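A.B. asks: Model the full assembly from the supplied sequences, consistent with the hints where possible.
In my numbering, the protein residues as written are 1 to 177.
Source of the hints: derived by calculation from the structure; they are not laboratory data.
Given the structure is predicted, the values throughout are model-derived calculations rather than measurements.
Yeah, the Cβ is synthetic: ideal placement off N, Cα and C, and Gly gets one too.
Wrong hints could be hidden among the right ones.
[As the list claims (entries may be wrong)] No more than 35 Å apart at the CA atoms, straight line, and that leaves these computed lysine-lysine pairs for DSBU-like:
id: 1; residue 1: Lys176; residue 2: Lys28
id: 2; residue 1: Lys40; residue 2: Lys28
id: 3; residue 1: Lys176; residue 2: Lys40
[Unchecked claim] Simulated restraints on C-beta separations:
id: 4; residue 1: Arg51; residue 2: Ala159; range: 19 to 27 Å
id: 5; residue 1: Glu167; residue 2: Asp118; range: 33 to 41 Å
id: 6; residue 1: Ala159; residue 2: Leu30; range: 19 to 27 Å
id: 7; residue 1: Phe87; residue 2: Ala142; range: 42 to 50 Å
id: 8; residue 1: Asp52; residue 2: His117; range: 17 to 25 Å
id: 9; residue 1: Arg51; residue 2: Ala3; range: 41 to 49 Å
id: 10; residue 1: Pro154; residue 2: Arg46; range: 44 to 52 Å
id: 11; residue 1: Gln31; residue 2: Pro109; range: 17 to 25 Å
id: 12; residue 1: Ile8; residue 2: Arg34; range: 18 to 26 Å
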Amino acid sequence: MDAYLAVIAKREVREYSDRPVPEDMLTKILQAGRATGSAKNAQPWRFIVLRDPERRRTLAGFMRGRRNLEGCAAAIAIVLMNDQLRFDAGRLAQNMMVAAWALGVGSCPNSIHPDHHDDGRALLGVPANASIATVITLGYPAPGQPRPRPKADPDEVLARIDRLRLEAIVSDERFKA
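C.D. replies: What follows is the structure in structure tokens.
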């Protein structure tokens, strides 16, 4: 799948099949994250790959929504070593999710409930001076879920998505309402 199609066609997947994500696919998704740019090349992140269903189930209890973390094939917790660089964590998460989509793997970002951030850090062994920016669930989409279509027509994809029209959000030279 080409990069443009992967970006415009990427959809969140919240229910997954039982099919495991192969290690070589996980490695490619992690490499996509590692290759992400960051402010002054600070690379303020670390990754925790969550393969164990019981650990994911426990972590799910600390999340804003637990269902897709309980049902995914694997997950990646993005740990931010400098909480002031949250923009970089967002870039990183999006790169990983678009790479997964291009590889045929679904994903969804998840956040820990603020009341349980310390519980999540303790479960994953994250130091007190770091934060869990997001947890990305991964897996092959279950029936009825969006799925990657590597041969899709980009114009058809753009026509189907529920987004503001480009003309409504782009201004030339000066802001227009």
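A.B. asks: Of the hints given before, which are not true for this structure?
C.D. replies: 1, 4, 5, 6, 7, 9 and 10
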